[in-house]
Amino acid sequence: MRSGLTAGGRKAWWASLVVALAVTTVSSGVGPASPAPGPARIVLSNDRDISNVDPIAISAPADYSVAHLVYSALVRVKPGTSTLEPDLAEKWEISPDGLVYTFHLRKGVKWQQNLGEVTADDVVAHFQRAASKESGSVFFNDLAAVKRIDAPDRYTVRFTLDRPSPAFLTSVIAYRPGLIVPKKIIETAPGSLKTTPVGSGPYAFSAWHQGADVILKANPDYYGGAPSIGEVDIKVVKDDQTALLALRRGEINGRYLQIPEVQRAALASPDVRVLRAPMPRTYYLAFNTTRPPFNDVRVRQALWYGLNRQGIVGRMFQGFGTFSDTMVPPTVVGSLPGIMYNYNPDRAKQLLKDAGFADGLPGKTFSLLAIGLQDQTDIAAVTQDNWRALGVNVNIEILDTPVFLQRVRTGNFDIMDFALLRTEPEQFLVDFFHSKNIGTTNFSRYDKADGLLDAMRFAGDAKQRIQGAQAVQRQLQRDAPQIPVLNPTLMLAVTPKVAGARLELLVYNVWQWSLPK
Amino acid sequence: MGASLLTVVVGATFIFLMVHLMPGDPVAALLRDQFSQETYAVVSARLGLDQPLGAQYLRFMRNVATGRLGTSFRSERPVGQVVAEQFPYTLQLATAATVLAVALGVPLGIVAAVHRGRPADYLTMGGALIAICTPSFVLGLGLLLVFSFQLGWFPTIGAGGGGPGDTLRALTLPAVVLGLRSAAVLSRIARSSLLNVLHLDFVRTARAKGATDRAVLYRHALRNAVLPVITMLGLNVGHLLAGTAIVEIVFSRPGVGKLLVDAVLSRDLPQIQGTLLIFLVIVIVVNMLVDLAYSAADPRIHYA
Amino acid sequence: MGAFAAVMSAGLWSGPREVIRRLTRSGGALFGLAVMSGVLAVALLAPVLAPYDPVRQDLLNQNLQPSALHWFGTDRLGRDIFSRVLWGARPSLVTGVGAVLVGAVQGSVLGLLAGYYGGWVDGLLARLVDTLMAFPLYLSAIFVVAVLGPSQLGVVLAVGIAVTPAFARLARGQVLEEREKEYVLAARAIGGAGARVIVSHILPNIVAPLLVLASLNIGDAILVEAGLSFLGLGPPPPTPSWGLMVNDGIVVLTRAPWVSLCPGVAVALLVFGSNLLGDGLRDALDPRLRGQG
Numbered sequence: 001m002r003s004g005l006t007a008g009g010r011k012a013w014w015a016s017l018v019v020a021l022a023v024t025t026v027s028s029g030v031g032p033a034s035p036a037p038g039p040a041r042i043v044l045s046n047d048r049d050i051s052n053v054d055p056i057a058i059s060a061p062a063d064y065s066v067a068h069l070v071y072s073a074l075v076r077v078k079p080g081t082s083t084l085e086p087d088l089a090e091k092w093e094i095s096p097d098g099l100v101y102t103f104h105l106r107k108g109v110k111w112q113q114n115l116g117e118v119t120a121d122d123v124v125a126h127f128q129r130a131a132s133k134e135s136g137s138v139f140f141n142d143l144a145a146v147k148r149i150d151a152p153d154r155y156t157v158r159f160t161l162d163r164p165s166p167a168f169l170t171s172v173i174a175y176r177p178g179l180i181v182p183k184k185i186i187e188t189a190p191g192s193l194k195t196t197p198v199g200s201g202p203y204a205f206s207a208w209h210q211g212a213d214v215i216l217k218a219n220p221d222y223y224g225g226a227p228s229i230g231e232v233d234i235k236v237v238k239d240d241q242t243a244l245l246a247l248r249r250g251e252i253n254g255r256y257l258q259i260p261e262v263q264r265a266a267l268a269s270p271d272v273r274v275l276r277a278p279m280p281r282t283y284y285l286a287f288n289t290t291r292p293p294f295n296d297v298r299v300r301q302a303l304w305y306g307l308n309r310q311g312i313v314g315r316m317f318q319g320f321g322t323f324s325d326t327m328v329p330p331t332v333v334g335s336l337p338g339i340m341y342n343y344n345p346d347r348a349k350q351l352l353k354d355a356g357f358a359d360g361l362p363g364k365t366f367s368l369l370a371i372g373l374q375d376q377t378d379i380a381a382v383t384q385d386n387w388r389a390l391g392v393n394v395n396i397e398i399l400d401t402p403v404f405l406q407r408v409r410t411g412n413f414d415i416m417d418f419a420l421l422r423t424e425p426e427q428f429l430v431d432f433f434h435s436k437n438i439g440t441t442n443f444s445r446y447d448k449a450d451g452l453l454d455a456m457r458f459a460g461d462a463k464q465r466i467q468g469a470q471a472v473q474r475q476l477q478r479d480a481p482q483i484p485v486l487n488p489t490l491m492l493a494v495t496p497k498v499a500g501a502r503l504e505l506l507v508y509n510v511w512q513w514s515l516p517k
Numbered sequence: 001m002g003a004s005l006l007t008v009v010v011g012a013t014f015i016f017l018m019v020h021l022m023p024g025d026p027v028a029a030l031l032r033d034q035f036s037q038e039t040y041a042v043v044s045a046r047l048g049l050d051q052p053l054g055a056q057y058l059r060f061m062r063n064v065a066t067g068r069l070g071t072s073f074r075s076e077r078p079v080g081q082v083v084a085e086q087f088p089y090t091l092q093l094a095t096a097a098t099v100l101a102v103a104l105g106v107p108l109g110i111v112a113a114v115h116r117g118r119p120a121d122y123l124t125m126g127g128a129l130i131a132i133c134t135p136s137f138v139l140g141l142g143l144l145l146v147f148s149f150q151l152g153w154f155p156t157i158g159a160g161g162g163g164p165g166d167t168l169r170a171l172t173l174p175a176v177v178l179g180l181r182s183a184a185v186l187s188r189i190a191r192s193s194l195l196n197v198l199h200l201d202f203v204r205t206a207r208a209k210g211a212t213d214r215a216v217l218y219r220h221a222l223r224n225a226v227l228p229v230i231t232m233l234g235l236n237v238g239h240l241l242a243g244t245a246i247v248e249i250v251f252s253r254p255g256v257g258k259l260l261v262d263a264v265l266s267r268d269l270p271q272i273q274g275t276l277l278i279f280l281v282i283v284i285v286v287n288m289l290v291d292l293a294y295s296a297a298d299p300r301i302h303y304a
Numbered sequence: 001m002g003a004f005a006a007v008m009s010a011g012l013w014s015g016p017r018e019v020i021r022r023l024t025r026s027g028g029a030l031f032g033l034a035v036m037s038g039v040l041a042v043a044l045l046a047p048v049l050a051p052y053d054p055v056r057q058d059l060l061n062q063n064l065q066p067s068a069l070h071w072f073g074t075d076r077l078g079r080d081i082f083s084r085v086l087w088g089a090r091p092s093l094v095t096g097v098g099a100v101l102v103g104a105v106q107g108s109v110l111g112l113l114a115g116y117y118g119g120w121v122d123g124l125l126a127r128l129v130d131t132l133m134a135f136p137l138y139l140s141a142i143f144v145v146a147v148l149g150p151s152q153l154g155v156v157l158a159v160g161i162a163v164t165p166a167f168a169r170l171a172r173g174q175v176l177e178e179r180e181k182e183y184v185l186a187a188r189a190i191g192g193a194g195a196r197v198i199v200s201h202i203l204p205n206i207v208a209p210l211l212v213l214a215s216l217n218i219g220d221a222i223l224v225e226a227g228l229s230f231l232g233l234g235p236p237p238p239t240p241s242w243g244l245m246v247n248d249g250i251v252v253l254t255r256a257p258w259v260s261l262c263p264g265v266a267v268a269l270l271v272f273g274s275n276l277l278g279d280g281l282r283d284a285l286d287p288r289l290r291g292q293g
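Residue numbers (our numbering), protein chains in the order written: chain A, 1 to 517; chain B, 1 to 304; chain C, 1 to 293.
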């Protein structure tokens, strides 16, 4: 009799399965429709979705990677290099005193959506908007040095600065706020730029499926000629590990990989091609220099000597990275070369003894804040282990980003574990070590380099700027408000058939890509 | 109805307080790379975060009363619209997972109960336990490695989009990961409640009167064992809405679960509030339905 | 209170000796009991049993395969996985049992009251539970962890609060069923006070499904902890928590599967044991199943 019941159960099971299939098939009608994949379609992937692609409000690499394809700037970084090349401006001049920048626009460049020709009026309107606090710009401070923007004629734009600014081209004109928006849209519907950008770049924005992907279509009127790749689909894949699987299966064609363990796997995969270079990103530890015992420079230096950075780079990061004694990565202009703090536990103990802590700091536990990303928690775990050997105990607190930033901004921590991605020495140094930024980005509350920092940011020329930057770095090396831990590797992985890909800072030069048969 | 409205008001207040008392700095999280002294104050004022909490609360409740849920800090798009866009993906996933759970779980639970103490019972319950004790991100990644990467049966990322076939293929593995767990839970609940009922007097009486086992099972026992199963399904609704987050992240799918976790991790306050409020309404509605199903399944219960 | 109190009162009701006798007659329950006692013993004896310091790193010996030296191999930081799994029994057991206790106590009390009294009490409590249920497990967990900071207490409370509605609704549903039965109607008719009727008549009879749920949720708590680690909100290093360890090894899953697998099996074993024990307890406690074992 029991077997009879089993048969009944089996029948019920099959019936349910049929229902399951029916329901899932019926419900499968939803979802973004995308055309059948053709040969000229490329799928890229970012680890985050876009949130706001209005150039004056871009605050994350994913947003920039989309805006960078839709818009043009006056000048841009030549893909795969660190030199500048013409974009909308055919040529440009800088006055000998470094105060006047004049750009001569390319003629006949067309806005997408038939908005007419790109003219000097557009450029002026764009930068005025970027410089205004009311527009929602997050770059108004970067444009604070600009006294006047004007257009002597239809194809000439002139910026007059209050003071020389050696980083003006690279940090403003060829960077996020430098992507030019049409004046017509600024006047009619600037709000629409957040999610539906219109520019003059190689690709036109086609659709955004939030949480899934962004679709871009080649701009046939692009001044550089219509791109070979007709459609670009930028998909959100949060996890590097999954992204690599999708790459190897050919479901995506390009992705920046950032987790060392995955970089290692990508390098060993025959079915992907990788491009790699040092990345201008610095993982670092910062002390709250107002809290004892970290207000004592000897203690900070001791802990720097006591951190095995070779071990972290070689073992935790699988050799995908380098380390230096400065916040400014070696690939960024003005970086200070040379390493003073080689791992030396004996030296560390001596310094602690000099500071009056011959036995370390037993009985005390200091907070070490970290964001719960594996690379950063790994660094925290190794730090904890290294310093325990010196008799300095830390309690790691894993926090989410908003809480972390709140705690470090308000100085509610002893040591913090963080990473910065920047392109200019000023961005690494002024923002994080000038006393005017205590309460926001000067987390370590260090206030002893203001003079040197001001000399650097108001430097008259490139040479003075580099000298100024190095003077700041030498002082930070000596005073040790922070410990630069390592600079990781930037890796772009593409499917083997992709040609023309260049390594850039988390953006894609797709207009130069092709898929040869 | 009035009680439900009250729940919404109490719930909305609770949600507002919870969201605004949550530690963390929304402005710093929003500004990310462009976080500086100067931008901080400007953005803080633009988001209205410099106003007193009471004023913010009144504005929120006034908006709720008129059906507006505000705009997201991050994308500055209407919160309701964002949720509406993401919802179909989660509904797909949750429906497929629930169907799978019931289709697998209940019959297996019955088999186990009927064969209590025999190999079929141990096998079924053992399988259920393995499904229960594997974290969904491990199971998800494991299935991805085998079925998507090695065998190439399913896509590795995304929710499909090329047509019903594509969508179904993209839905399979996530639904299995989400549904397997519920199936395991359901099978255990079904088994234990059926075992309870099988020994009750009316079942014994029915048997004594000469009813065959199958007839007893279907006519009497199963109907009475269905209550706890309905309870479990009702409970699952909340979990299926945002509990999908990890599955959505592992399989790179859009959906409200991921939306909500992202909103929380970036302190997109209007987005968190609006999404939770919508969840609350859905949970209330589903639970009213569950209560109705209770009464239908067991006439002795009258839901007031 | 909650599940354990229910066990106690149910035990008193049908006699503790009887319960133990029935428990020991079921193979599954015995196995579950053995596993749970084993985990408890390991948790207590970890300092004696563990061959290495569970937090000592050795970056020169990362991801070593299981060997005579390291029975379960080493993890990404070169720590001995066997020692970490042994030490990990403590936080895992505390998380699992603690969370279920919190949830079961709150949930059962709410559900019993709502189901027994009905009317406005039921309405009010139902609204409360509905609101709680709108906050799914991970969200409550993220919120509580955000408020309390990343700690074990945070996870325990978060999961406890998150599983409360499940207990509440289950208890309510069962009470609705039970309260219409003759023995309860009789107890009420002869003037039994509410609390006494609940504790002495209803509770023992609804303990079985509650126990099943509790046994399932012990595992849930550990899994949520793992999920929180996946979202970057888990307990901080160097805590040798099983959930954290599973997540930590995911990135080397194809290269060094033992890093995730060993703590994963430990999680599975604990969940398995608690479930079997739960089943056994249910059978032993339920007077209606007497003699049917």
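Note that these hints are calculated values from the structure, not bench results. Do not rely on the hints blindly, as some may be mistaken.
The calculated label-pair distances, taken between Cβ atoms and stated as ranges, are [said to hold, decoys possible]:
hint: 1; chain 1: A; residue 1: 250; chain 2: C; residue 2: 66; range: 53 to 59 Å
hint: 2; chain 1: B; residue 1: 163; chain 2: A; residue 2: 144; range: 48 to 54 Å
hint: 3; chain 1: A; residue 1: 350; chain 2: C; residue 2: 151; range: 21 to 27 Å
hint: 4; chain 1: A; residue 1: 435; chain 2: C; residue 2: 254; range: 32 to 38 Å
hint: 5; chain 1: C; residue 1: 151; chain 2: A; residue 2: 364; range: 16 to 22 Å
A quick note: this is a predicted structure, and the numbers were derived from the prediction, not measured. Ideal Cβ placement from N, Cα and C applies to all residues, glycine included.
Legend entry - Violated constraints from the hint list, given by number and in increasing order: Violated: hints 1, 3 and 4.
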